[in-house]
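Colleague: The listed protein sequences correspond, in order, to chains G and W. Position 111 of the first sequence, counted from 1, bears residue number 111 in this note's numbering, the numbering being contiguous throughout. Converting from the second sequence to this note's numbering requires adding 426 to each position, the first position being numbered 1.
Note that these hints are calculated values from the structure, not bench results. Bear in mind that the values here come from a model prediction, so they are computed numbers and not experimental data. All residues carry an ideal CB built from backbone N, CA and C; glycine is no exception. Heads up, some of the hints might be wrong.
[What the hints assert, rightly or not] DSSO-like, lysine-lysine: derived pairs with alpha carbons at most 27 Å apart:
hint : chain 1 : residue 1 : chain 2 : residue 2
1    : G       : LYS98     : W       : LYS625
2    : W       : LYS524    : G       : LYS199
3    : W       : LYS499    : G       : LYS414
4    : G       : LYS199    : W       : LYS625
5    : G       : LYS73     : W       : LYS625
[As the list claims (entries may be wrong)] If you want a taste of the chain G side facing chain W, the calculated C-beta under 10 Å gives, among others:
hint : residue
6    : PRO127
7    : ASN236
8    : HIS239
There are 2 protein chains.
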Amino acid sequence: MFPMDQRRKRHVVVLGAGFGGLAFCQQFRHPNARLTLVDRTNHHLFQPLLYQVAACGLSAPDIAQPIRGILSKRRDITVQFNHAVDFNLAKKRVRLEKGALDYDFLVLAMGGQTSYFGHPEWEQFAPGLKTLGDALHIRSQILLAFEQAENEADPAERDRLLTIVVVGGGPTGVELAGAFAELARTVLNRDFRRIDPTKARIILIEGSPMVLSHLPPDLSASAQRQLQALGVRIRNKLHVRDIRAGEVELANGEIIRAGNILWAAGVAAAPLTKKLAVELDKAGRVKVNPDLSLPDHPEVFAIGDLALALDATGRPIPGVSPAAMQMGRHVAKIIAGEIVAGTKPAARPGFKYWDKGTMATIGRSAAVAWVGRFKFTGWFAWLAWLSIHLIFLIGFRNRLAVLFQWTYSYFTYKRSARIITYPPSR
Amino acid sequence: MFPMDQRRKRHVVVLGAGFGGLAFCQQFRHPNARLTLVDRTNHHLFQPLLYQVAACGLSAPDIAQPIRGILSKRRDITVQFNHAVDFNLAKKRVRLEKGALDYDFLVLAMGGQTSYFGHPEWEQFAPGLKTLGDALHIRSQILLAFEQAENEADPAERDRLLTIVVVGGGPTGVELAGAFAELARTVLNRDFRRIDPTKARIILIEGSPMVLSHLPPDLSASAQRQLQALGVRIRNKLHVRDIRAGEVELANGEIIRAGNILWAAGVAAAPLTKKLAVELDKAGRVKVNPDLSLPDHPEVFAIGDLALALDATGRPIPGVSPAAMQMGRHVAKIIAGEIVAGTKPAARPGFKYWDKGTMATIGRSAAVAWVGRFKFTGWFAWLAWLSIHLIFLIGFRNRLAVLFQWTYSYFTYKRSARIITYPPSR
Numbered sequence: 001m002f003p004m005d006q007r008r009k010r011h012v013v014v015l016g017a018g019f020g021g022l023a024f025c026q027q028f029r030h031p032n033a034r035l036t037l038v039d040r041t042n043h044h045l046f047q048p049l050l051y052q053v054a055a056c057g058l059s060a061p062d063i064a065q066p067i068r069g070i071l072s073k074r075r076d077i078t079v080q081f082n083h084a085v086d087f088n089l090a091k092k093r094v095r096l097e098k099g100a101l102d103y104d105f106l107v108l109a110m111g112g113q114t115s116y117f118g119h120p121e122w123e124q125f126a127p128g129l130k131t132l133g134d135a136l137h138i139r140s141q142i143l144l145a146f147e148q149a150e151n152e153a154d155p156a157e158r159d160r161l162l163t164i165v166v167v168g169g170g171p172t173g174v175e176l177a178g179a180f181a182e183l184a185r186t187v188l189n190r191d192f193r194r195i196d197p198t199k200a201r202i203i204l205i206e207g208s209p210m211v212l213s214h215l216p217p218d219l220s221a222s223a224q225r226q227l228q229a230l231g232v233r234i235r236n237k238l239h240v241r242d243i244r245a246g247e248v249e250l251a252n253g254e255i256i257r258a259g260n261i262l263w264a265a266g267v268a269a270a271p272l273t274k275k276l277a278v279e280l281d282k283a284g285r286v287k288v289n290p291d292l293s294l295p296d297h298p299e300v301f302a303i304g305d306l307a308l309a310l311d312a313t314g315r316p317i318p319g320v321s322p323a324a325m326q327m328g329r330h331v332a333k334i335i336a337g338e339i340v341a342g343t344k345p346a347a348r349p350g351f352k353y354w355d356k357g358t359m360a361t362i363g364r365s366a367a368v369a370w371v372g373r374f375k376f377t378g379w380f381a382w383l384a385w386l387s388i389h390l391i392f393l394i395g396f397r398n399r400l401a402v403l404f405q406w407t408y409s410y411f412t413y414k415r416s417a418r419i420i421t422y423p424p425s426r
Numbered sequence: 427m428f429p430m431d432q433r434r435k436r437h438v439v440v441l442g443a444g445f446g447g448l449a450f451c452q453q454f455r456h457p458n459a460r461l462t463l464v465d466r467t468n469h470h471l472f473q474p475l476l477y478q479v480a481a482c483g484l485s486a487p488d489i490a491q492p493i494r495g496i497l498s499k500r501r502d503i504t505v506q507f508n509h510a511v512d513f514n515l516a517k518k519r520v521r522l523e524k525g526a527l528d529y530d531f532l533v534l535a536m537g538g539q540t541s542y543f544g545h546p547e548w549e550q551f552a553p554g555l556k557t558l559g560d561a562l563h564i565r566s567q568i569l570l571a572f573e574q575a576e577n578e579a580d581p582a583e584r585d586r587l588l589t590i591v592v593v594g595g596g597p598t599g600v601e602l603a604g605a606f607a608e609l610a611r612t613v614l615n616r617d618f619r620r621i622d623p624t625k626a627r628i629i630l631i632e633g634s635p636m637v638l639s640h641l642p643p644d645l646s647a648s649a650q651r652q653l654q655a656l657g658v659r660i661r662n663k664l665h666v667r668d669i670r671a672g673e674v675e676l677a678n679g680e681i682i683r684a685g686n687i688l689w690a691a692g693v694a695a696a697p698l699t700k701k702l703a704v705e706l707d708k709a710g711r712v713k714v715n716p717d718l719s720l721p722d723h724p725e726v727f728a729i730g731d732l733a734l735a736l737d738a739t740g741r742p743i744p745g746v747s748p749a750a751m752q753m754g755r756h757v758a759k760i761i762a763g764e765i766v767a768g769t770k771p772a773a774r775p776g777f778k779y780w781d782k783g784t785m786a787t788i789g790r791s792a793a794v795a796w797v798g799r800f801k802f803t804g805w806f807a808w809l810a811w812l813s814i815h816l817i818f819l820i821g822f823r824n825r826l827a828v829l830f831q832w833t834y835s836y837f838t839y840k841r842s843a844r845i846i847t848y849p850p851s852r
């Protein structure tokens, strides 16, 4: 390959190696194009299982794959461990923390982050769950609270340490609450001498009348019952007024003292969307054209959690991994087609989201699933959840390792990753 | 069990859940005794495989088991997540960070830590490898250096980032140097576009004329050759004069600039031994009686890396895990016997170390082993090393998980734990 040749190639820059960015890279391939993929971590994260790392069920490498490893055979792709800090859309240039990139096409796929609805000061008291670092931090903090409770003479303080509050009854909040209830009741229950881990209180706070309010009411109700059967106390129709060190104040004035407070109530687009100077919704998402390009910038696309795309009925497409992957493939086809044609067609195809169904897991043999006209709850939904997640885990080794861990945990009621790797505040 | 009953029981306090402390707990069992095991972490660490966590071969939970889980069936043992801060041997009391414990028998098994030979300021530039936190930190730093090199335009700085210096040619230094040489040459080699990871320099600095100087000269020489075959540059008969940010100065004035400097040159006993007011050697180890008790304190024992015990020929017993485990069992038998008898015998049996052999691994199919009159090198020694380490890994799950990882890595030349979990300095 000669430099001359290289210069004629179209340069496609992809920001973010999540589900959307990676699906784009895997779909897109063109002899007259070269690709640069930029990510601020060195791994692709299988985010749907992140809560299992927090809840001691899986280890970090089980759900993370090195990006370079996934793409090592793609000589047309350059991976950069770096991140964007600003854009010059007029000059088709992205400024990175280190250096800059000129592009012919730009794909924005940086995903989302935890949002505290205008209360960033709550983050220090109530961590969210978005990165591997978050998950390992939460895991250590929760295990540490049980250890501190075991050493604590004051009963009130012991009760506080054994209280976990999860704010937000969406899929992440439900998974976290269920997983911690199980951890306390079936894993830690035999291991302490002074405290009784089965007395730990797991409290889930949800503003709407039912958890998983995006699901049909009968499935929400089933999820709520399955959670309660695991021992989770659900506080519906309550909002959080304030979060301080070790306590949550509810809108009704009630104060819950807790050793651990986890935030699963909101996500927003990566804040970098603000630098694009285009219209955003209140979660910071880019309002894209039907083809997922930016208004006035047909060469720039936004996909996944940072895009606000509407379906045929005008409703927003949900921020879930299948949607992000479908968006990535859609944009890959558009760009490849235009490189072949050498020009932009009069009209591009609009993105159509194929909803394969929704599921949420609650615990061992407990889940809800909604696929087309079919609804499942309990053991069968849980098995479906398990299979789907194994199939979509990227990487043969991870799939086998996770299957192995799950089988082991299922039969032994043990969790292997009960390791405090770094005492957080010492 | 009534409180009255409880009060008559003899209280045995064990500090440290490493190989020595845990072997003691597993051996010791007596109806008239209760046991308190204190550790500053929540896990027992299989330290011989710690370098594999640093070198991306294994994940942290693979080599760590929750202490409470290992001992959950032993109702006579209380585990405390805590650590000792001072002793009152006259009053038979240990002061802990939180609270205090009165004992009838005390077993000191806190192990060792990295020693910088009077240069504690080197630690920040050249981390040692003693805890899971150390291993995860080293892993992230080394992967980060390769990523930074890929983004670096200046060739001199790129070379520096691709240089790893390991100080100390004992077993840990040899394992680290070999593992990183393999990582660069067989795992990362396909994954970068600008840098060539096979050009990474792995430099091992050793004061004596040969690595592994505790082994017979022919085995040392073989280890040295096997390391060089992997591409490690060994600098023998050289000492380190100074370590600064990103560079090592040797005794001959030579300066080596390196992106990563790892310290594997010295261990010392846990510093708490200084509070015992007994005679210590210069590494801080307690000079114990032949039965492993402290001079003038027959009820206090020191075992493992913090004890200086001599064999029949007057040579110190090496600080290796089999020795620590044998010491733990020896002390368990003494204490159990005296609780039965109700008194200390005129003479206690002395500890006899049974040397089962020594081995060190260098890389894939590369190792040296010395068992009795037999010496092995290369593939056969490596297989022996593998089997022994699998057998002694505590926990069925870990054993299977590690076997699985090793088999996978062996056949695919991939390492699963290539994950930067927390960018160290951002």
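Colleague: Each of the hints needs a verdict: does it hold here or not?
Modeller: So, going through the hints one by one against the coordinates:
At most 27 Å may separate the alpha-carbon atoms for a hinted pair to count; LYS98 of chain G and LYS625 of chain W meet this at roughly 24 Å. Proximity of LYS524 of chain W to LYS199 of chain G is assessed by CA-CA distance (about 23 Å); at most 27 Å being required, the pair is judged to hold. For the proposed pair LYS499 of chain W and LYS414 of chain G, the alpha carbon gap of about 14 Å is at most 27 Å, so the pair holds. For the hint pairing LYS199 of chain G with LYS625 of chain W, the CA-to-CA distance comes to about 57 Å; that exceeds 27 Å, so the pair is violated.
Taking the CA atoms of LYS73 of chain G and LYS625 of chain W, the gap is near 20 Å; set against the 27 Å cutoff, the hint holds. With 10 Å as the threshold, the beta carbon of PRO127 of chain G stays out of range of chain W, its nearest partner Cβ sitting at about 13 Å, so the hint is violated. Violation of the interface hint for ASN236 of chain G is found here, the shortest Cβ-Cβ separation to chain W being roughly 35 Å, above the 10 Å cut-off. A least Cβ separation of about 32 Å between HIS239 of chain G and chain W goes past the 10 Å threshold, and the interface hint is therefore violated.
Checked against the numbered hints above, the structure breaks hints 4, 6, 7 and 8 and satisfies the rest.
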